[in-house]
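Protein chains in written order, with my numbering: chain C, 1 to 150; chain Z, 151 to 308.
Only true hints are included.
If the Cβ cut is set under 8 angstroms, some of the chain C residues that face chain Z in the computed set are:
# : residue
1 : GLU2
2 : ASP51
3 : PHE53
4 : VAL60
5 : THR63
Here are the computed distance ranges between Cβ atoms for each label pair:
# : chain 1 : residue 1 : chain 2 : residue 2 : range
6 : Z       : ARG298    : C       : VAL20     : 54 to 62 angstroms
7 : C       : ILE39     : Z       : TRP171    : 31 to 39 angstroms
8 : C       : VAL59     : Z       : ARG298    : 34 to 42 angstroms
9 : C       : VAL13     : Z       : GLN250    : 44 to 52 angstroms
Worth flagging that the hints you see were computed from the coordinates, not collected in a lab.
As the structure is a computational prediction, the values presented were derived from the model and not from experiment.
Here a beta-carbon is modelled for each residue, glycine too, at the ideal position from N, C-alpha and C.
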Amino acid sequence: MESVVRGAVIYFVLLFIIRVSGRRTMAQSTPFDFVLLLIIAETTQQALLGDDFSITNSVVLITTLFLIDIALSYLKRWSPSLDGILDGRPEFLVRNGKIDQRAMQRSRVDLEDILAAARGQHGLERLSQVRHAVLETNAGISIIPQPEDR
Amino acid sequence: MDDHDGVIQRRGGWVVSRLSWVLMAAFIFAASIGFTGSGGHFSRHWHADGSTKIDSPAISRWYAADHLSITLSADNGANVLLPKEFAEAFEIEAVAPLPQSVAATEQGLLYTFAFAGTQGDRRIDFSLRAARPGLYRPQAAMEIGDQRFASQPILVLP
Numbered sequence: 001m002e003s004v005v006r007g008a009v010i011y012f013v014l015l016f017i018i019r020v021s022g023r024r025t026m027a028q029s030t031p032f033d034f035v036l037l038l039i040i041a042e043t044t045q046q047a048l049l050g051d052d053f054s055i056t057n058s059v060v061l062i063t064t065l066f067l068i069d070i071a072l073s074y075l076k077r078w079s080p081s082l083d084g085i086l087d088g089r090p091e092f093l094v095r096n097g098k099i100d101q102r103a104m105q106r107s108r109v110d111l112e113d114i115l116a117a118a119r120g121q122h123g124l125e126r127l128s129q130v131r132h133a134v135l136e137t138n139a140g141i142s143i144i145p146q147p148e149d150r
Numbered sequence: 151m152d153d154h155d156g157v158i159q160r161r162g163g164w165v166v167s168r169l170s171w172v173l174m175a176a177f178i179f180a181a182s183i184g185f186t187g188s189g190g191h192f193s194r195h196w197h198a199d200g201s202t203k204i205d206s207p208a209i210s211r212w213y214a215a216d217h218l219s220i221t222l223s224a225d226n227g228a229n230v231l232l233p234k235e236f237a238e239a240f241e242i243e244a245v246a247p248l249p250q251s252v253a254a255t256e257q258g259l260l261y262t263f264a265f266a267g268t269q270g271d272r273r274i275d276f277s278l279r280a281a282r283p284g285l286y287r288p289q290a291a292m293e294i295g296d297q298r299f300a301s302q303p304i305l306v307l308p
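With the rest of the complex left out, here is chain C:
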């Protein structure tokens, strides 16, 4: 029972912390973010396992984490508002060629990130060639070019 409780608590704590820490684009990841991820993984492992390194504990924990994930995926499909709370919603950073400064500030994304996504996805050189730039729920930026630049 303890393993199931530990697994569930850690899952929801991580979900909460990652959700409230905000979406940063993957392009903004720094080497320190990678180190931070390793530290979180190590700390989480200790919190999950304690001093119980048995196979049974691992199997119970893995199954618990997967089941919560499956259950949440169904709940999110069933309730779009829950989906919005857990995963957030896509956000326009550039709409019809106009930059939304507030959305960019909220998301901690700068112009360079949008231009990098525009170059990578469509080979665009200027911001005027971008019709829409959307920060997706997976923290990536989708670029939709102006019709004449497609």
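Once you have looked at the hints, place chain Z on chain C.
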């Protein structure tokens, strides 16, 4: 024909996937009520006779910490006999309070405790760690003072 086979294969995969989820849910339910050890109703054996109560492991995990708790009413002291199969299944890492003496007998380990001070219920805690996986069926009874408690099987999961 190929398309038809593909549809059957996809449907088969869907059924296997959903069946697996049901099995996973059943497994987690079983774990929640103690069938995989580490807490939960079925992971413990409970005995009570008068003022003596025993809380001992029924299902434990290999090399994971566990405990045996005995609550008894004794004025001066008490003897506790742990069956030898119990001592084989678990390493006894600590005992609180410390026993006055420990003797290895034919039936198992005999702990002698001396109590001082006020009268009333006493609690003895054994900190355990499962030594190796397997099913242990103690032959001898657990003895506490002059009371005998039939030993229950202990399952140590890998």
